[in-house]
Structures are given as structure tokens and as C-alpha cells.
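Asker: As a plain string of letters, each chain reads:
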Amino acid sequence: MFEIKPIFNALCRSKVGAVLLFLQIALTTAIVSNAAFMINDNLSYLREDTGFTQDEIFSFTVMTFGKDRDLRQQTEIDEDMIRNIPGVINATMSQAVPLSGGGSSSSVRLKPLPEESRQARLNYYYAGEHALETLGVKLIEGRNFRPEEVIISSNYHEKGPSTVIVSKAMAESMFDDEPALGKSIYLAGRALEIIGIVDVMESAWPRAQDSGTTGIVPFINAQNYQYFWVRTERGERASVMNIIEEKMLQAYDKRVVINIEGLDDTKEAYDATDVLMMRMLMVLVVILVLVTALGIFGLTQFNISKRTKQIGTRRALGARKSAIVRYFLVENAMICTVGLVIGSIAAIFLGRVLMQAYSIDALELEYVIATAAFIFMMSLLAVIVPATRAANISPSIATRTI
Amino acid sequence: MLKMQNISKVYQTDSVQTHALRDFSLEVKEGEFIAVTGPSGSGKTTFLNMAGILEPFTSGHYSLDGIDVGGLSDNQRADLRNQKIGFIFQGFNLIPDLSLFENVEVPLRYRGVPAKERKKRIEECLEQVGLASRAKHLPQQLSGGQQQRVAIARALAGKPRFLLADEPTGNLDTLMARQVMELLEEINRNGATIVMVTHDPELARRAPRNIQVVDGQLADFTLYQGVPEASQPVVDTRIKAEV
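Chains as they are written, first to last, in my numbering: chain A, 454 to 855; chain B, 8 to 250.
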């Protein structure tokens, strides 16, 4: 019914067009499946919860050049002043801005050096008891810092903190499923007791591996270059951002306020390269798929014009229109299947090369299968129009002397 | 076998109407061998297309083996061609990418004949035309005469009761033309009805019955049955029509 054998034999006898087409299909499958995987990986990353109420938070940088103030005192004055601005929920000073691409990270251990111990990477923010509310992260175990636990100092080693709040991911990476609350981790030689665990809290590098293993260390080291985080009521952020510079300079004018930016914009700027790459990949995928579809369409069209008399003869010999359409569909399906098999193998191979070269995740087989299925369906669609046109060739063509 | 009554075929272009066949009536009995002659543009090919159900006619009535062709759907017409008619074309119309075996197989596949039966039938037909040993060859590896014999094998494969031959020797030299003609005569002797369109008067004379088509109409019936070949006249349709 499907004439598989004669179609296969005919393809083997005039194979140039078929070979070119299946190579194109193979190439498309290999590239599109990897690109689709990367796009989806990127999309799921972009959709990931950071734990922060991004559209309510903004940050800014303060560069102080005045030498006539105690920066630690000034920080407390500034924080109080900001918290009293109408529309502000909370504010805190820190050494880094979440999601910005710049921050602090260090390995933490269960035991101090030089003892052998399990280690993990901790991406941390220095901030006080206002940090949880300012960031909008959810405390799921334990408690917030008490004011006396927040250490205002410039010497971490001698007069540093002794508590820490970590993310669930951090707790799990150090203690697996065991309870982490009350246990200590060593950061730069100091034992920090875990007094609270928050659900999700992203680091300053959300794209990095282990970006979710974070913590808040209650240590305020006021310096002349520092960051503030401010959380406002919904809809109030823009107006607070507009007046923040003026308010800060009113409080003390020997400084500069820069980089006043919503946290969602910070994330967007951080993701800009990834988003651009994703868009380029999308364009590449669309172009490749379109070119392949046009290639299939064109080859079928060419085959039909080359075989007009043959189609007429087949019709004269008793082929129904559906048999002509089926002939081209089967022929295309055969070429496509060969291309998809080769392309799928190439896709897996390319995936491995990319994984090794760019440290990306291994290509999941589902993407290869889904891409192959998509290209197969697309190829059938590309064939169906010219094949239907071929089926309408009159059988009387067979008696014409061309 | 074939009965056409007042068949007309009009080709319509934007501004021109061409009457390719006008009130064409013809009856062909089972087992007849008819040669259809006529000058170029007379409507021979249109007649062939109508008789072979390759094109719909504009008006009239046509029945093939008792089946009214006029009311059939496209699929029914395809099935009827497949089951009742064997076609032999001037240009052989073999499919170049298929072997001789696969070429002969084409109508049988459309009929849904099982593979085993197909193979047996194809071998029989290729044997009948003397090309069984070359079943795996491609058409371009054969001479014109051999190709036409393959086309005849293809026409015979479905055991049709009605063979339509369109200038079957038109592309062949005299020797090969004679061989093909002898093959057709043998097929006719075995019971098949043959309608052969030709412009070759000598070939036409070999058919027991001749008809001429002029300006889309049937010009004359000439029965040569029983008349010795030497005494058959060379037919000039125009003159005969006037007589």
C-alpha cells in the first residue's frame, strides 16, 4: 500500500537530491535540538523564583568622600531615615546587591581548618535583622537575628558574628536531610550557628552553579563604598527611588548616590547576555527550520515538475489522487527518517561537545526526540501542499507528447 | 465493450472554445481490434483520453463494459482505469527510476494485488513479451522496442479486457514496430479488445476494423475484415467521407 520498496529503490537510484535533503534535515535536527535545550534551560532559569519580591525592592550605591563622619553611625542614621520615608517597608545596608553579578562568596566547613571536613560554597550577604523583611525572603525554620547578634565592626576575625541565617539549599548542601538549625558552620575560621533557614534566596550570581546556597551574615562593616537595599510598598517604589538621592544628601552631603536601580532591572541587566543569546538561538532555530521546510517544499516541487508525466502515467494506470499524495509523503518520510536518525546521533554528539566546551548541562534525550518529531511533522506539512498539487495532475498528461 | 453516444468535448480557454470532439458515437464489441486514424489535430488523442477515462467529456454518454462512466467520481474513474483498461503509450511512459519488474508492478500495486500474486503475474507478463531475463534492468538500459514491450507487459499485468494503444509504434523503427504489432495481434487473438490510435496507414490496415477521426467527428467506418492485405486501399479519409 505504501510502495515502500519501489520508492526506496527509486531513491537509491537517483540519490543526489535525497542525500542533500537528509543532510540538511540531519544538520537541522542536531542544531535545533541543542538550541531548543539551551533555550529551554535559559527560560526555566529566567522563570526561577529568586526568593525576592523584586518589583518592590531597589538598591543604590553610596560613595562617601567626607571624612568628618563615623560611617557606622551614619549608616544607622541613613537606615532609620530611609525606613521613615512614606511607602518604605524596610531598608538595610550591605556589602553587595543580590542578582547583580557582584558579591561575596566563600567556602564553608563543618569543622575549622586544618581538620578534614565537608565543604560547600556559601554566597553571603552582610546584613542585619532588617534584611529578611527588606528582601522579602520567607523564613521557614528558626528565627531572625536579634539586634545584639548584629555585629558592627571592621574586624571580622577578632570581633565578628557568631550566627548566620542560611537558605534551605545551603542547609541541605551541608547537612543533607538532617536538621541544620542550631548547628554551626565555619566561615573564614569563625563558627556561625545557624539560627534560621529561609526558603529560596538567590545569590549575587543567579546563573552560577550553587547560586542558591546562600546566607545572611549579621556583620556590618561600614565603608566609604556601600550598598543599600530598600523595600517599598507595592506601587511606591518609583516615587521613593525619585527622592532617595535628595534624602541621602540631605542627611549628609559629602557623598555621591549612584546606581539607583530596581531589583528586577538589576536581574534584567545581569541576564542581558543570556537573553540576547537565547533570542539569537531562537532566530537561528526559526531560520533553520524555515530553510529546511523550504528545502523540502522546493525539492518536492522540483520532483513534481520533473515527474509530471510520470504522475500522469501513474494516474492513468489507476492511481487515486490519495495514492499520489501518499507517494510523496512516504518518499519524504523515508528521506526525513534517515536525516533524523543521523541528526539525532549528531545532536547527542554535539551536546557532549558543548557540555565539555562550555560547561553546560548534558542534552536531554527528550529534546532530541521532540525536535525529531517536530521536524518530521513539519516536513510532512511542507510536502502536503505540493503533493496535493501533484495529485491534481490530469491523467491525460500521459498521452501528451512533450 | 465500449459504447460512446454523442460524446462531445469542448476545451474552454479565456476567449476560445475548441470543439475537440463533436457528437462522437462509436461502439466497439468485445474482442475487436480497431485502428483509429486521422490527421494531426483531428481529435484522435481526445478520443483516446475519453475512451481511456483520462479526461471527463462535456456531453454525451459513454459506457465501458456496461458501466456508465459519466456519473463516476474521480476515485471510481481511477479504479475503472486500473481494472478494465491497459494503456500503451507512444513514449512508453515507463518510470525511469524503477526496474522493469517494478514498472510492470505499478498497476498491480494500485489494485492491491498481494505481493506473491504480483510477482507471479509480472514474471508471466515479462515472459510473454520476451524480457523475463531483464526484470532487474532499468528502462534506459533497453532499446525503444524493448521498452515498448515492457509497457505492453505493464498494460497486460492487470489482465485488462480492453487495451488502449496510443501510437504504440510511433517511436520505433520498422522492424521493432512490426514486432510490437505482432505482439498486439497475439494479445487480441487471446481475447483482449484493442483500440489503437495511429497515424500510420500501413499499421492501420493490419487492424480488422478502421475508423477515421476528422475535425472531432467520426468520418468513416471501414471494415477490412476478410479482405486480403494487398487489396486494401490506402485510406484518404477526406475523400472517402465525401463518397
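Check before you lean on any hint, since a few could be wrong.
Simulated pairs of lysine to any residue, SDA-like, Cα-Cα distance not exceeding 20 Å [claimed, not checked]:
hint, chain 1, residue 1, chain 2, residue 2
1, B, 91, B, 209
2, A, 774, B, 143
3, A, 759, B, 98
4, A, 762, A, 773
5, B, 126, A, 459
6, A, 759, B, 103
7, B, 143, A, 613
8, A, 762, B, 147
9, A, 762, B, 62
10, A, 468, B, 103
Residues on chain B that point at chain A, a partial pick, calculated with CB under 10 Å [unchecked claim]:
hint, residue
11, 94
12, 97
13, 161
Partial pick of chain A residues on the chain B-facing surface, computed with a CB cut under 8 Å [unchecked claim]:
hint, residue
14, 456
15, 459
16, 732
17, 776
18, 826
The set of hints was computed from the structure by calculation and includes no laboratory data.
This one's a predicted model, so the numbers in the text were calculated from it and none came from an experiment.
Ideal Cβ positions, reconstructed from N, Cα and C, are used throughout, including at glycine.
Asker: Next step is simple, just say for each hint if it's right about the structure.
Answerer: Hint check:
| no. | hint | in the structure |
| --- | --- | --- |
| 1 | B:91 <-> B:209 | violated (28 Å) |
| 2 | A:774 <-> B:143 | violated (28 Å) |
| 3 | A:759 <-> B:98 | holds (16 Å) |
| 4 | A:762 <-> A:773 | holds (15 Å) |
| 5 | B:126 <-> A:459 | holds (13 Å) |
| 6 | A:759 <-> B:103 | holds (11 Å) |
| 7 | B:143 <-> A:613 | violated (91 Å) |
| 8 | A:762 <-> B:147 | holds (16 Å) |
| 9 | A:762 <-> B:62 | holds (15 Å) |
| 10 | A:468 <-> B:103 | holds (13 Å) |
| 11 | 94 | holds (5 Å) |
| 12 | 97 | holds (6 Å) |
| 13 | 161 | holds (7 Å) |
| 14 | 456 | holds (6 Å) |
| 15 | 459 | holds (5 Å) |
| 16 | 732 | violated (44 Å) |
| 17 | 776 | holds (6 Å) |
| 18 | 826 | violated (29 Å) |
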